[in-house]
Amino acid sequence: MRTPAVLTVLGEDRVGIVAAVSGALAEANANIEDIRQTILGSIFSMTMLVTVDEDHLPLVELQSRLAEIGRQLGLQITLQREDVFRFMHRV
Amino acid sequence: MHFTPEEIVETLTMITRQRLDVRTITLGLSLSSCVDSDIDLMARNVYERVTSTAARLVPLAEQLEREYGIPIVNKRIAVTPIAQLAAATRARDLTPLALALDRAAATVGIDFIGGFSALVQKGISDADARLIASIPGALATTERVCASVNVATTRAGINMDAVLAMAQTVLDTAQATADRDSIGCAKLVIFANMVEDNPFMAGAVHGSGEPDTVVNVGISGPGVVRAVVESLAPDAGLTEVSEAIKATAFKITRVGELIAREAATRLGVARGIVDLSLAPTPAEGDSVAEIIEAMGVKRCGGPGTTAALALLNDAVKKGGAMATSSTGGLSGAFIPVSEDAGMIRAAESGALSLEKLEAMTSVCSVGLDMIAIPGDTPVETIAGIIADEAAIGVINAKTTAVRLLPAVGKEAGGRLSFGGLLGEAPVMSVNPWAGSVFARRGGRFPAPLGSLRN
Numbered sequence: 001m002r003t004p005a006v007l008t009v010l011g012e013d014r015v016g017i018v019a020a021v022s023g024a025l026a027e028a029n030a031n032i033e034d035i036r037q038t039i040l041g042s043i044f045s046m047t048m049l050v051t052v053d054e055d056h057l058p059l060v061e062l063q064s065r066l067a068e069i070g071r072q073l074g075l076q077i078t079l080q081r082e083d084v085f086r087f088m089h090r091v
Numbered sequence: 092m093h094f095t096p097e098e099i100v101e102t103l104t105m106i107t108r109q110r111l112d113v114r115t116i117t118l119g120l121s122l123s124s125c126v127d128s129d130i131d132l133m134a135r136n137v138y139e140r141v142t143s144t145a146a147r148l149v150p151l152a153e154q155l156e157r158e159y160g161i162p163i164v165n166k167r168i169a170v171t172p173i174a175q176l177a178a179a180t181r182a183r184d185l186t187p188l189a190l191a192l193d194r195a196a197a198t199v200g201i202d203f204i205g206g207f208s209a210l211v212q213k214g215i216s217d218a219d220a221r222l223i224a225s226i227p228g229a230l231a232t233t234e235r236v237c238a239s240v241n242v243a244t245t246r247a248g249i250n251m252d253a254v255l256a257m258a259q260t261v262l263d264t265a266q267a268t269a270d271r272d273s274i275g276c277a278k279l280v281i282f283a284n285m286v287e288d289n290p291f292m293a294g295a296v297h298g299s300g301e302p303d304t305v306v307n308v309g310i311s312g313p314g315v316v317r318a319v320v321e322s323l324a325p326d327a328g329l330t331e332v333s334e335a336i337k338a339t340a341f342k343i344t345r346v347g348e349l350i351a352r353e354a355a356t357r358l359g360v361a362r363g364i365v366d367l368s369l370a371p372t373p374a375e376g377d378s379v380a381e382i383i384e385a386m387g388v389k390r391c392g393g394p395g396t397t398a399a400l401a402l403l404n405d406a407v408k409k410g411g412a413m414a415t416s417s418t419g420g421l422s423g424a425f426i427p428v429s430e431d432a433g434m435i436r437a438a439e440s441g442a443l444s445l446e447k448l449e450a451m452t453s454v455c456s457v458g459l460d461m462i463a464i465p466g467d468t469p470v471e472t473i474a475g476i477i478a479d480e481a482a483i484g485v486i487n488a489k490t491t492a493v494r495l496l497p498a499v500g501k502e503a504g505g506r507l508s509f510g511g512l513l514g515e516a517p518v519m520s521v522n523p524w525a526g527s528v529f530a531r532r533g534g535r536f537p538a539p540l541g542s543l544r545n
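So the protein sequences, as listed, match chains Z and P.
Sequential numbering of the first sequence, starting at 1, is according to this note's numbering.
Sequential numbering of the second sequence, starting at 92, is according to this note's numbering.
Everything labelled a hint here was simulated from the structure, so no lab data went into it.
Just so you know, not all the hints are guaranteed correct.
What the hints assert, rightly or not - Straight-line distance between alpha carbons at most 25 Å, and here's what the computed SDA-like set of lysine to any residue pairs gives:
hint	chain 1	residue 1	chain 2	residue 2
1	P	K501	P	G526
2	P	K408	Z	H89
3	P	K447	P	S333
4	P	K409	Z	V91
5	P	K409	Z	R86
Let the hints inform the model, and build the full structure from the sequences given.
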């Protein structure tokens with residue numbers, strides 16, 4: 001099952017954030033469909049649209065891996081199913 | 092990208108800072124198949140039915156919380172009004188059925204199960220009378236069971252004998268749980284125009300017009316609405332305020348609609364309703380009173396409060412109705428005093444009185460809710476309050492309810508404290524001029540002219 005999801009990363013900017021997050025996604029066979037990333041002051045902000053291959057790794061397990069990376073790098077990383085945004089923001 | 096970064100940030104802010112959540116996923120269960128003339132066998136059947144059907148409710152809700160990143164605060168169950176089952180048995184005390192429900196709720200990991208209930212708007216059957224008599228004992232010996240009794244409808248009028256019986260039941264329940272701040276009364280609702288698909292406690296039942304099992308969802312989000320109203324300019328017109336609330340209610344309700352669809356599909360049961368209610372919690376900022384204050388009334392309860400609440404309630408319905416075609420339940424802003432930090436402040440400062448709360452219930456959902464009153468309030472006064480509230484519901488063809496908390500041994504200015512979502516309630520003063528005659532007349536307040544609609 002391929003599940004569209006939205007990934008957001010927020011926190012102090014440092015070297016290796018994109019590498020760590022995209023590495024975890026590649027390992028999970030999750031495809032990055034779109035990325036937007038910016039630095040506001042010293043705050044790193046990134047939103048990604050990804051497709052999670054749940055046969056390879058269920059979404060909730062990928063959430064746990066990303067949360068672990070978030071802890072290591074001092075970032076707030078969330079991964080949510082995409083339809084919650086679609087339902088809220090599209091009629 | 093399908094979404095702008097602003098949209099994504101808006102959703103995350105609503106969840107992390109403004110307490111957006113799904114307030115409850117409530118599984119409605121018919122217990123009709125559990126009927127037996129032996130009350131102990133019936134209690135066993137009830138336990139089996141609830142635990143076998145609802146075993147997956149809590150794990151599934153937790154899975155949905157993780158996948159969507161949306162907190163689902165409560166997982167609950169509503170069952171067939173127990174008086175309907177009780178007709179099959181001659182047992183006088185129906186507490187064994189309440190105990191079975193309580194055990195089943197504990198087994199499946201939910202905090203409340205509703206349906207220790209009877210509908211007596213037109214007359215009290217023998218089974219109804221046994222259920223009502225069992226309420227104080229049942230609520231004192233269980234933790235999770237909620238009771239409700241419907242004493243009036245627009246079609247039938249008000250059963251004044253039932254009103255007086257329920258006033259006495261409220262006092263008896265307070266006495267039976269006096270050592271725990273009358274907590275039994277927090278689990279007892281007296282309704283006019285009770286609905287069959289309400290997902291919110293303590294008044295949830297699974298009505299006779301429902302399928303065997305059904306998922307109903309109650310949304311929330313006072314904190315989100317308050318933040319949106321606060322962000323408007325102080326001179327923004329009320330049309331603009333209404334528009335902003337409407338747009339926000341749409342977004343909140345869409346989350347409820349999504350969760351309702353997923354929960355029903357994954358549990359393999361019928362999808363019921365989404366209840367468009369703004370349900371406050373004691374948490375700071377998650378308050379309906381504070382929305383009214385953000386609209387510009389200095390303190391909730393002051394002049395302008397009823398108008399502000401009416402506008403809020405109407406705008407929530409308009410936005411919510413666009414977001415789901417399955418509206419139902421109570422669908423209106425709740426104003427429970429003990430569960431809303433802003434209401435508590437307003438009551439303690441003298442801005443909010445019982446009479447103002449009564450006026451507010453004519454324009455919102457659901458009634459005089461979680462209001463502590465002096466423990467020595469006479470039964471006729473409580474009956475008068477119930478009758479007044481029922482009359483508002485019956486005449487205006489809406490649901491109203493009373494959940495009063497007589498504070499045993501305490502007077503106005505005292506306090507009841509429950510903790511958790513039930514919060515704490517300042518004891519409010521009660522108008523002493525009820526007299527003892529009106530409530531004791533009994534009989535039936537006839538169905539109003541408005542009931543003749545065919």
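Now the hints, each set against the structure:
Of the pairs offered as hints, the one joining P:K501 and P:G526 holds, with about 21 Å between alpha carbons and a cut-off of 25 Å not exceeded. The hinted pair formed by P:K408 and Z:H89 meets the criterion: a straight-line CA distance of about 18 Å does not exceed 25 Å. A distance of roughly 23 Å separates the Cα atoms of P:K447 and P:S333; the hinted pair therefore holds under the 25 Å criterion. A threshold of 25 Å between alpha carbons decides the hint, and for P:K409 with Z:V91 the separation of about 14 Å falls inside it, so the pair holds.
This hinted pair checks out: P:K409 and Z:R86 have alpha carbons roughly 20 Å apart, not beyond 25 Å.
In this structure, none of the earlier numbered hints is contradicted; all agree with it.
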